[in-house]
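Trainee: Below, each chain spelled out in residue letters.
Protein chains: 4
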Amino acid sequence: MKTPGEIISQMYDNDAFSLWLGIERLAEKAGYCHLKMVVRQEMTNGFGIAHGGITYSLADSALAFASNSHGQQAMSIETSISHTRPVKAGDELWAEAIELNKSRRLAIYEVKVTNQDKHTVALFKGTVFRTEKDW
Amino acid sequence: MKTPGEIISQMYDNDAFSLWLGIERLAEKAGYCHLKMVVRQEMTNGFGIAHGGITYSLADSALAFASNSHGQQAMSIETSISHTRPVKAGDELWAEAIELNKSRRLAIYEVKVTNQDKHTVALFKGTVFRTEKDW
Amino acid sequence: MKTPGEIISQMYDNDAFSLWLGIERLAEKAGYCHLKMVVRQEMTNGFGIAHGGITYSLADSALAFASNSHGQQAMSIETSISHTRPVKAGDELWAEAIELNKSRRLAIYEVKVTNQDKHTVALFKGTVFRTEKDW
Amino acid sequence: MKTPGEIISQMYDNDAFSLWLGIERLAEKAGYCHLKMVVRQEMTNGFGIAHGGITYSLADSALAFASNSHGQQAMSIETSISHTRPVKAGDELWAEAIELNKSRRLAIYEVKVTNQDKHTVALFKGTVFRTEKDW
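Residue numbers (this note's numbering), protein chains in the order written: chain A, 407 to 541; chain P, 407 to 541; chain R, 407 to 541; chain X, 407 to 541.
Here chain A stands alone, though its shape is the one from the complex (with noise of 0.2 angstroms):
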């Protein structure tokens, strides 16, 4: 059975999407995850901040790597997150995936996205379904 560091790198280097966005890994284990970014120029929008798409983008990547590490393919049934400020180009997020609940096919988690403030930026919270496929 593969390890969740594994897994994760299995995923995360053929996410071509998670690269471009300079995401790097800080830590991970069953459930759970921790990432980084850096925001640039290209990631903005027409308010001058980062588009919302971005910190998404970074809290799903976290959700995608916590949930599948269990060794079963994970698949997003529902996502919702709320942007509690607003992220400038030059700014580090940090994202942190924990696991909530987990049930045999069912699994909950929550993504806190801060910079380099400690501000909380993103909060993120996903469910997913879990299936029996292995990784």
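What the hints contain is simulated information worked out from the structure, not anything from laboratory work.
Treat the hints with care, as some may be off.
What the hints assert, rightly or not - Here are the simulated DSSO-like pairs of lysine-lysine, each with C-alpha atoms no more than 30 angstroms apart in a straight line: (1) P:Lys-442 with A:Lys-494; (2) P:Lys-442 with A:Lys-508; (3) X:Lys-442 with R:Lys-494; (4) X:Lys-435 with X:Lys-408; (5) R:Lys-518 with X:Lys-494; (6) A:Lys-524 with X:Lys-494; (7) X:Lys-494 with X:Lys-408; (8) A:Lys-494 with A:Lys-518; (9) X:Lys-539 with R:Lys-524; (10) P:Lys-518 with R:Lys-524.
Could you slot chains P, R and X onto chain A? The hints should help.
Mentor: Here is chains P, R and X on its own, set in the frame of chain A:
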């Protein structure tokens, strides 16, 4: 007072990330917009399908354009998305934002994302705060 | 195989809380149902308006009836609601559940709750897990 | 200026539905509250378990008390709940509301609902709009 088209042009022309996504504007009016994009290889994840952040970003741009088009600046408060069908590189995505409710301070939008086969690939709901700042 | 009406009757007749709410069944078919209730004084909160749990409960019953009516038992995974307008004692509420998406294991419903003036008072979205257990 | 306890007392004493639910107040401070209730037979649904509206209502009362306790009237904008484990008649439910984020106009709370065995039965998230009206 600016028209919906003028406001959305001003937002879109400065929205580096929406331009990176290759978003095209198909139609727009107050409280409504219709967008299109084509998924590229660099937008996929470790499962070989579009990263969840891609459909979210398209829907979130639709939310931003539709909710700002009334003339008052609007900020996303909370958004949720369900990914109902996998999206592949080469797929065409259409996002249509519809206003479900609008009061003085708040408004709620639904964005349906469909593919070239008219299948729904994502269902998005977004709530915005309507500031007193005019465009 | 049971009809939607037979399944919903079996659920409704044993649903003590829906009966306490005074929910009436107006129409139903596979993946759809339309309910009605009248708000009573004992359903209000400290603001003198209906407790948020009342419109949620009505919408959640609509979700349960609509999602189980296909013949397979369905369980709520995640639901969200926006309360868009205050509801008072004496108000009549209508809830219409519509199926937005259905796959083998999952289905998504939207429930719109309106009052006697045809105003939307709440927008509800619910995702269910479709078990293999038949009604 | 009123204390959190005074504000919540004023809300609770007039909250007919929270009283019907049998909600007890265990602890409260600015931005926080802890409630308890016992599930009764009349709160169950056609599956013989507590109607989803019961745990939602408990969590929504916790949201209302916690978010109003700062002294400004707060109104629910959007709430979501995941029912993670069935609840039966006779079960004791505890709801703890914690403030995740607060700005001038908006605040976000998480409410975890647990049973007598310390198992999580529901995870709730709520966003409120903070009006300028004082208690």
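Trainee: The structure should be examined with respect to each hint, and the outcome stated for every one.
Mentor: Tested hints:
no., hint, result
1, P:Lys-442 with A:Lys-494, "26 angstroms, holds"
2, P:Lys-442 with A:Lys-508, "37 angstroms, violated"
3, X:Lys-442 with R:Lys-494, "26 angstroms, holds"
4, X:Lys-435 with X:Lys-408, "12 angstroms, holds"
5, R:Lys-518 with X:Lys-494, "28 angstroms, holds"
6, A:Lys-524 with X:Lys-494, "41 angstroms, violated"
7, X:Lys-494 with X:Lys-408, "38 angstroms, violated"
8, A:Lys-494 with A:Lys-518, "17 angstroms, holds"
9, X:Lys-539 with R:Lys-524, "29 angstroms, holds"
10, P:Lys-518 with R:Lys-524, "24 angstroms, holds"
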